Every structure is written in structure tokens, then in C-alpha cells.
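Just need the whole structure built from these sequences, with the hints factored in.
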Amino acid sequence: MRPLPFLRCFLLAGGVWSFAGDLVVVVNASSGVERLTREEVINLFMGRTRKLAVGLTALPIDQGGTAPDRTRFYRSLLGKELPEINAYWARLLFSGQASPPRQAETEAEVLEILHNTKGAIAYLDRKLVDRRLRIVFEVGP
Amino acid sequence: MRSPFRTQIAFRTTALILLVTILVGIPLLFLLAARVRRQESSRQQATLAQLVDTVERTAQIACFLGDARLSEELGAGLLKNEIVGQVVIQAGDRVLISRSREGWVEGAAARVSRELHSPFDPSLVVGRLSLAPDEAEIERQTARQGRSIMLLLAFQALVLAGVTVGVVLLLVTRPISRLSHRLHRLQAETGENLPFIRGHEGDEIGRLVEDVNALIGRLVTFIHAERFLRDEVEHERAELQSAKEELEQSLAEVKTLQGLLPICAWCKKIRDDEGLWTQIEHYVSSNTDARFTHGLCPECAKAQIEEFRKKWQEPSS
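In the order they appear, the protein sequences are chains A and B.
One point on numbering: in the working numbering, the residue at position 127 of the first sequence is 202, and numbering is uninterrupted.
One point on numbering: in the working numbering, the residue at position 289 of the second sequence is 943, and numbering is uninterrupted.
Because the hints were derived from the structure by calculation, they are not lab data.
A quick note: this is a predicted structure, and the numbers were derived from the prediction, not measured.
All clues given are correct.
Short, incomplete list of chain A residues facing chain B, as computed with Cβ under 10 Å:
#	residue
1	R123
2	K155
3	R166
If you anchor each label on the Cβ, the simulated ranges turn out as follows:
#	chain 1	residue 1	chain 2	residue 2	range
4	B	R765	A	Q178	40 to 46 Å
5	B	R765	A	E114	26 to 32 Å
6	A	Q178	B	R689	55 to 61 Å
7	B	P776	A	R206	36 to 42 Å
8	A	R206	B	Q704	51 to 57 Å
Below are the SDA-like pairs computed for lysine to any residue, each with C-alpha atoms no more than 20 Å apart in a straight line:
#	chain 1	residue 1	chain 2	residue 2
9	A	K126	B	A745
10	A	K155	B	P776
11	A	K155	B	S777
12	A	K126	B	G720
13	A	K155	B	R711
14	B	K734	A	F169
15	B	K922	B	C954
16	A	K155	B	L778
17	A	K155	B	D775
18	A	K155	B	E710
All C-beta atoms, glycine included, are put in the ideal place defined by N, C-alpha and C.
Listed below in C-alpha cells is the structure:
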């Protein structure tokens, strides 16, 4: 029974490693978007820009609730915590001019939307990126 | 009827205090009004800055998104504050809102403007929020506070005047009035002293009573001295009168002959003023009170007797 805790520790470490993998911003490979700057990503996810550079209507996708990737994404991109982001959107709730990114419950749902919508844009763990997606911005670890 | 201003210290004091209060109060009021205006203006500037602080985050978001509706709501909210005259929010060159209070006119008061940065990138300027103060509100506040100050000053002046009247009546007029009544009844020539007013023994009124009593003392001394001197003068005058009368009587009784009398060297007759030669006895009796009684001195008697004898003997021879 001795090796079991070690194995468990190894697996956990591996899990954490994979959990803490690089975040990247991806789009549908057929969207025509090649690369985005940090400012463009911010503008898209914070409602300032509604269209991609190629003219497609942008559909930013957020991971639901307090998903670790969501926290990491906003912290890395904007240097802000989720309550601040929520407060930001709360201010805009009644104005109706800008709306928050669409919420996806799981990574699988994010992938599904990305695969099926040309203008979709989302952040994902680099390991989940497949050929149907294109990395347009690297958020970092 | 004489004016109370001339006859009553309390009235005069009150009138002077009110006059001074008014004369000092009016320029003071203007100074205070200017000060209140400055303070109100500064307060408005501070309040506007606070308002900008309060809405800055939302305004940043509105400018970041170019959200005119959010800007409208923001502007409407800001204009609910009475001191805000105009709200302007610009996202770059685009004016998201420029809204003024009804009847607002741009004045000299400085606007409070602030550059708005992106909520996600402090180095990126996304717009500008500008608030203009409502100067009419400043004037209203200034007038309101000016009125309050004026009422306070008036109230203060009235209270001060009332207190002054009371104090002057109690501490000055009434004791002086009592003193005056006592002085009128006082028989100073008899040496009667003025009694002290109770409670004023040690103050100026007490000193005045002391001075009056000292004067009465000196007056009595002078009266006595004057009476003594008058008696002396009367006595002297009587003596003089008596001496004069005696002298006049003596003079009346004495007749003297003065000057040169022309007298005959032989018969001893005297020539009078009319040029007549009269006997010396007659002349002296006429011009003096002297009277003559005749006699013979021994020599003349001897000579006359000898002559008489010779005459007696001659016929017989």
C-alpha cells in the first residue's frame, strides 16, 4: 500500500500541472482572423468591440461561474479579479448597450460553440486546442 | 419737549451702538457675502470633484464602450444635483452627452474636467468628463447665507442694544439719577454730606460722591471764612464811619486862616477881600470861630497907665 500515496501525489501533481497549463485565446480556424493584440482581446471580451477585424460579428465566450480558467484569464489579461469584472457588467446591466460574453458551463460547451460559430472567440487551455481552432493570442500561464 | 437723545444716556448709548453696528455691519456683510461666495464656489468645486470621483468609474466604462445611453443616465443622475449646471461626456471626439440644466448660462466659474482612462488600461485615455457648476445656485446659496448672517447680526445688535440699555440703566443712569435727586435735596451750606449709593461705594460713582462731599467740606469752610471776613469788614467799616463822622465834625468846628493878610504896620488893621480896613479883632471874628475878649498886657498896661497919668496931669498944669 506504500506506493499508492506517491502515485496519488504524482497524479495530482500532473493534474495540477495540466490544470495550470497556458491559456490561449482561440477563434474558429475558418474565421479568417490570424492574430489579435491584447487591446483587441480586451475590447472584444469587455464589450467595446462587437466585430472581429475581418468583419464577422464577434461572439466572446466566457467560462461559467468561478471556473479557475476564468479567474486566471481576467487576472492575466486585465489584472482584475472576478468581482471587479462582475461589477463592471452589473453597471451595464440596464444600459443594454453592451452585453457580457456568453457563458458556457463546460470546456466542452466552449469547444462546441467555437467549432460551430465562425465569429466565436474564447480562452482555453492550450492543450485543448485542435486543428479546427486557431490561437490568436497567448494569455500566458 | 427735549429729545430723549439729549436727555437719556441709555437712549443715546443704544442709538450709538445700533448706529455703530449698522455702520460696521454693512461693510462686514459685504465682506462676508464675498467670502461666502468664494467658499460656496470652492465647496461647489469640491463637490463637483467628488461627484466626478463617484461617477468616474461608470463614465470610464461609458467612454470605453462609447455607450451614449449609459452616459445619458449618468448625466441625468448628475443633473439631479443642484450645483451641476452642465454635464459633458466625450469619448474621443464623439460627444456622448452634453446636457444642461434648464436656464443654465455659462459663467466665469471653472469647470471640473477629468480625463477618463480605460478601466482596463490606465495608460489609455478613452474620454473626458466635464461638469460645469450652476452659478445661479451659488448666488442662491450666497444670498441664503447672507440673509442668515444679516438676521444673526441684526439679532445680535438688538440683543446687544437691549443688554446695553439694561446695563446702562442699572449701573449708570439709575445711580446717577438717585445721586441727582439727593443732590437737589442736599443742604450743602449746612455741611450735610451726600450719602453713598448702595453698591457703588468703590466705583466711579462712589468717587464722585467723595468728591462732592469734599467740595461741600471746602464750601462750608469758605462760607465760614467769608462770614468771618464779612463781620470783620462790617466792624472796620463801622469804625471808619465813626472816625469819618468825628473828623467831619472836627472839620466843621475848625476854621483856619490861610495865606498873606495885608495888615497896617501902625494901627494893625487888616484889609479884607473888599479892600476895607477893619479892626483885626473884627476880621478874625468874621473869618474864624475865634472870639475876642479884651484885656491889657502888663507892658501895655504900664505904658497906658503912664500915658493916662501924663494926660491927667497935663490939664492940671
